[in-house]
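Given the structure of chain W, go ahead and fit chains X, S and Y with the ligands onto it with the hints provided.
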Amino acid sequence: MNIVPLPTSPTPIEMMPVFDVSCAVKRNEPVNGEYRLLVLDAPHSILQCTPGQFFHLLCPVSEHLQPYLRRPMSIYGYYPDQGELHFLYKVTGEGTSALATLTTGQSLTVLGPLGRGFDILPDWQNLLLVARGVGLATLAPLALQAHKLGRNLTAICSARSEDMLMSLDYFRELGADVIPLTDDTGTSDVGNMRRIIEAKIADTGIDAMYTCGSNRILKLLQSLGKTHNIPGQIALEQQMACGIGMCQCCVRAFHRKGKTVNERVCREGPVFDLQEAIGC
Amino acid sequence: MNIVPLPTSPTPIEMMPVFDVSCAVKRNEPVNGEYRLLVLDAPHSILQCTPGQFFHLLCPVSEHLQPYLRRPMSIYGYYPDQGELHFLYKVTGEGTSALATLTTGQSLTVLGPLGRGFDILPDWQNLLLVARGVGLATLAPLALQAHKLGRNLTAICSARSEDMLMSLDYFRELGADVIPLTDDTGTSDVGNMRRIIEAKIADTGIDAMYTCGSNRILKLLQSLGKTHNIPGQIALEQQMACGIGMCQCCVRAFHRKGKTVNERVCREGPVFDLQEAIGC
Amino acid sequence: MLDLTTQIGSLTLKNPIMPASGTFSEELAQLFDLDVLGAHVTKTITREKRSGNPTPRVCEVRGSMLNSIGIPSKGLDAFKANVIPFYDRYDAPLIVSISAGSTDEFASLCEDISVPGVAAIEVNISCPNIEEDGKAFAMRPSTTHAVITKLRQATDLPLWAKLTPNTGETTEVAKAAEEAGADALVVSNTLLAMAIDIHTRRPKLGNLMGGLSGPAFKPIALRMAYQCAKSVDIPVIGCGGISTVDDVIEYLIAGAVAVQIGTATFIEPHIMARMIDGLETYLTTQGFQSVRQLVGSVDDKEASDGMVFMEAAP
Amino acid sequence: MLDLTTQIGSLTLKNPIMPASGTFSEELAQLFDLDVLGAHVTKTITREKRSGNPTPRVCEVRGSMLNSIGIPSKGLDAFKANVIPFYDRYDAPLIVSISAGSTDEFASLCEDISVPGVAAIEVNISCPNIEEDGKAFAMRPSTTHAVITKLRQATDLPLWAKLTPNTGETTEVAKAAEEAGADALVVSNTLLAMAIDIHTRRPKLGNLMGGLSGPAFKPIALRMAYQCAKSVDIPVIGCGGISTVDDVIEYLIAGAVAVQIGTATFIEPHIMARMIDGLETYLTTQGFQSVRQLVGSVDDKEASDGMVFMEAAP
Ligand SMILES: Cc1cc2nc3c(=O)[nH]c(=O)nc-3n(C[C@H](O)[C@H](O)[C@H](O)COP(=O)(O)OP(=O)(O)OC[C@H]3O[C@@H](n4cnc5c(N)ncnc54)[C@H](O)[C@@H]3O)c2cc1C
Ligand SMILES: Cc1cc2nc3c(=O)[nH]c(=O)nc-3n(C[C@H](O)[C@H](O)[C@H](O)COP(=O)(O)OP(=O)(O)OC[C@H]3O[C@@H](n4cnc5c(N)ncnc54)[C@H](O)[C@@H]3O)c2cc1C
Ligand SMILES: Cc1cc2nc3c(=O)[nH]c(=O)nc-3n(C[C@H](O)[C@H](O)[C@H](O)COP(=O)(O)O)c2cc1C
Ligand SMILES: Cc1cc2nc3c(=O)[nH]c(=O)nc-3n(C[C@H](O)[C@H](O)[C@H](O)COP(=O)(O)O)c2cc1C
Ligand code: FES
Ligand code: FES
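Chains as they are written, first to last, in this note's numbering: chain W, 1 to 280; chain X, 1 to 280; chain S, 1 to 314; chain Y, 1 to 314.
Rather than coming from a laboratory, the hints here were simulated on the basis of the structure. Treat the hints with care, since some could be wrong.
Only pairs whose alpha carbons sit at most 30 Å apart, straight line, appear in this in silico BS3-like list of lysine-lysine [unchecked claim]:
(1) W:K257 <-> Y:K80
(2) S:K135 <-> Y:K74
(3) X:K219 <-> X:K259
(4) Y:K74 <-> Y:K135
(5) S:K14 <-> S:K49
(6) S:K135 <-> X:K257
(7) W:K257 <-> Y:K74
Chain S regions said to be covered by chain Y (calculated; three or more residues, Cβ under 8 Å) [stated by the list, open to error]:
(8) 54-64
(9) 194-201
(10) 216-223
(11) 244-258
Ideal placement from N, C-alpha and C gives every residue a C-beta, glycine not left out.
So that you can see chain W by itself, here it is in the shape it has in the complex:
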């Protein structure tokens, strides 16, 4: 194998400032049945982000919802010009339910930007994004960045059903070739996905692949990456306490140089080399 591993190995501590600021909520609205979009009025200082980075949110406490730890959330959009920070989230438990109660004008304290984001190396012209469900949140700013850098983008968006597919128009506006796949139409299976990607490779070629979350997709891309010698990156999740590297609770195992090593998702990640990642 001669895939160049990306520099996801522990870097010396980078002393980029991290901010903990209270932001006013501009909007917090349902996007479809399961997802909500949270738009914050954010100071310029925290909007110097890299796609793939995240913030650690201090969810509000109420009589019925009392989350204690912060909750990590990928940056869905950062817009220094408008002074906006966007999150796209799924209501799953106490923390995200508490987030969902926020109304316009209330404030939310966010810590960030945190972690290591995606790389788009200079010679990567044809980029492939494969996202499922809320994974779009993580990949959306990457698409914007690719667009700004004038790269060609193919976005395979997978979901349970048509109406769970979000942001297709957004990706199209960015000039991406969008390929929607759904469980309902039976198009989202791994076999079909492989066929589509291999066709793309044969057609224009793919210089780098990006994904997040799903185990099935990880395995597929690892296999394609090995076969066709294409590098890639994946954004991973793990439960977090501190979010900045102090507590070591967020580790996951990675293959590296024949060994299994633990890395902190909040610090060495959340973006890791595709081939080093281990599914769960």
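Positioned in the frame of chain W, the structure of chains X, S and Y with the ligands alone reads:
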């Protein structure tokens, strides 16, 4: 001494129902700088009260105020016809600060009515109320009851200053002879109070005395009661956990038959025989 | 048909929900029919009259409380004359909690309280042993063994030993109680704690220190209940911080055959009745036929072997 | 002039606020100037490389958290090569936390870590002693005495002994540590606890059990800090559940000469810096000239005599 002690000794468990209900807030407004009036929309069931009884309030929890135990609060007014329950309270700590955040339409869970209230025996014609500060809250429904029963009422209301004197008009409407005393005007001292009460005793006579809280006033009334052979009752406070008699945290010491006994303020009280009470 | 019953030695309870000692009394009958409960557990009594600790006897800590009530008691005779007859009107079995400062006094009180109307005796061995160095009986396996052995000889009624969290030897104490003849363990009493008013600089409790109970205490008592259930064969009754039906379920999954509800009743006096309904709903919707199926169903795999006896935080 | 300094044996800290081991690292320098702190305390290290416990390593409980991080460690050499030099740039003294499974390993690590740049060694004796029955050294006076005695011989640096709450012998352990030569006590590490997911019926921590920290733990650790301050003459550093400047003040009043902040930093990463400001404001407005005047100023009257050594909840 031949003052007939009132039957405040432990009575066999009375199985009057106690209710724990959620009531909508009708109003919650400042009465003066220190006090607030809370008016609840209450079901008829919980409005069968006796003056001197109290409710145990489950104060709301928010991000910044997280009272855990309930807070005991005297009934300031109960109005079965209007379906209203009133509390007059002073914002002192976490629980009452949380109460102060309630707005019209929100709900508050209240447990009650609780405890043993005041007695107005059939042959008690001339009643004396002596209240200081928020003590008025506790004595107000007693004044209304006395009025309904056609008894003569003298109300000595003491406070730091003129504007801290509340409800004087209310007492006057009930036909009470209201005597306001303030620290500012130098009229609230014990000596002056004693002179006023002794004049009243000499004039119309006093059949029973009621008070609450203040140590100074307790001592004065105990002394007057002994000298002039006048029975009396006092409403006392103590920190509470359960409010209904289970935990025994709310005990205070009383003199009874030459011994010191502990009684539960929530159960054997909060109203006790004046002479048995021990100040603190 | 859903089976809510639970078995504690020879005693069958109609459901696994009962009050914790000191947080329940006859007065609660003013709120709901006490016969819905699996059992009734009285406040600890002593033989002699006692007045308890100085006030303030409770204080609030973040989301929980401390108490230093002590054991005010009207004494054995008053208890027999007033309290036992009161509970006679109910079908739910009456569990009487007792305490004493020495093994002999403990045993003689145990004997004298073994009267009709009492279904089991809960021995509060979390109280100081005045013959030793003032540490509670239940802080050490040796003193636990000694007192339970004597108590076992003093009564034919079922004996429930109530353990303390103020020890580093939870499993050893549990085994000592089992070996000495306890029929069940109640896990557990409150944890020694303290709070100081920073304005007056005085301790918030008249007694300086007191016991932590309520939600903050739950993860600790749950851990103890789990450790005990894994290390003894007698039934374990979980107690500590249980405030919702989810908490009840968590303890049952951990291995408790029944639970006691303490502080939660102060905040929500109907909570025990509501938990019984909630448990029924949960079992039905999850497809369980009985409480028994839930008890001890924790999926702890291999982990349990190495870890159960770990008593140092990692 | 307000004097915020505090004295811990031979060490003078410019203020009494420092992080707790395992809840602090170089990365916090991205948020504020770490030199505002009274001291820097590193995550416990072991001599060899270790990977720590399985995930999930943390979970949330009502208003607090459990952790079973374990002691992942890059090993002594990496620590000396990377971590000590990093902290060299600061004036605040560096306290290194160490751990080992036996007294001999402990002592040799202690010796090897006694290098320039290290101002004091915190010994995490709350870890299991694998030579005995797996109970932590700090659970018993005897094992505490044994390990501290050896450590004392191994270094000339100040030795801080970090105690565990998983014991019924807090004061005895404290005295044993003092007698064996500890220069200060850190009170305390986390309390063993557990949580189970009622939906999956699996323990919420990969390690089955973990340590409780955060606000729920405060009244327990405060009680221990008070008991220790009353029973030994060496300084006590309070640790456990401190989340606000009021909590800092409460510990100082109870007798702690300094405090360590753990979990609170996860929720509010600037909290330590804010506490220093808050403490300054409090002392000024209350008319204190120094932190020293506040330390141990609890108004416990006679109560303290009888009660300090009470280790049974009442
Ligand atoms: C780097 C990163 C980026 C993420 N970005 C997004 C996003 O853009 N949109 C989105 O909807 N979700 C995202 N997640 C997942 C999100 O953090 C969890 O859904 C959320 O923490 C759940 O909290 P809860 O209280 O609602 O759920 P609960 O299940 O009640 O949470 C209990 C605990 O588990 C943790 N937890 C639960 N699920 C996850 C998870 N998947 N990852 C990490 N911790 C978890 C919680 O933080 C909390 O500590 C991201 C996670 C990570 C690590
Ligand atoms: C029977 C009874 C009737 C009362 N009626 C009134 C009333 O009508 N209006 C009014 O303003 N106040 C009344 N009080 C006092 C009121 O209960 C307290 O002011 C209130 O509990 C303070 O709570 P906090 O959280 O605001 O204060 P904090 O000081 O933060 O309270 C801390 C703890 O101390 C308890 N506590 C503090 N002060 C008192 C007190 N005086 N009595 C009992 N417990 C206390 C609280 O309940 C809480 O548990 C009454 C008390 C009793 C016992
Ligand atoms: C006010 C109060 C009084 C208590 N009195 C007793 C008692 O007399 N005997 C006893 O064994 N336990 C007593 N306890 C402990 C409880 O029975 C229970 O073990 C403890 O509170 C933990 O449960 P919880 O968290 O559900 O309250 C008391 C607890 C409280 C809060
Ligand atoms: C995530 C985490 C990791 C910890 N790691 C260590 C450790 O390595 N060594 C140690 O002595 N204590 C460790 N502790 C315990 C803390 O130092 C502290 O004693 C405890 O958390 C109580 O303080 P707190 O309530 O302020 O968090 C750890 C605590 C947490 C929460
Ligand atoms: S969340 Fe604390 S190290 Fe990653
Ligand atoms: S408050 Fe519980 S007995 Fe009075």
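Verification of the hints:
1. W:K257 <-> Y:K80: holds (25 Å)
2. S:K135 <-> Y:K74: Roughly 42 Å between the alpha carbons, so the hint for K135 of chain S and K74 of chain Y is violated.
3. X:K219 <-> X:K259: With a Cα-Cα distance of about 19 Å, the restraint between K219 of chain X and K259 of chain X holds, given a limit of 30 Å.
4. Y:K74 <-> Y:K135: Holds - the C-alpha atoms of K135 of chain Y and K74 of chain Y are around 25 Å apart, at most 30 Å.
5. S:K14 <-> S:K49: violated (34 Å)
6. S:K135 <-> X:K257: violated (38 Å)
7. W:K257 <-> Y:K74: holds (17 Å)
8. 54-64: Coverage by chain Y holds for the segment 54-64 of chain S (4 residues, Cβ < 8 Å).
9. 194-201: holds (count 6)
10. 216-223: This one holds; 7 residues, not fewer than the three required, reach chain Y with a Cβ under 8 Å.
11. 244-258: holds (count 5)
In terms of the numbered hints stated before, the structure departs from hints 2, 5, 6, listed from lowest to highest.
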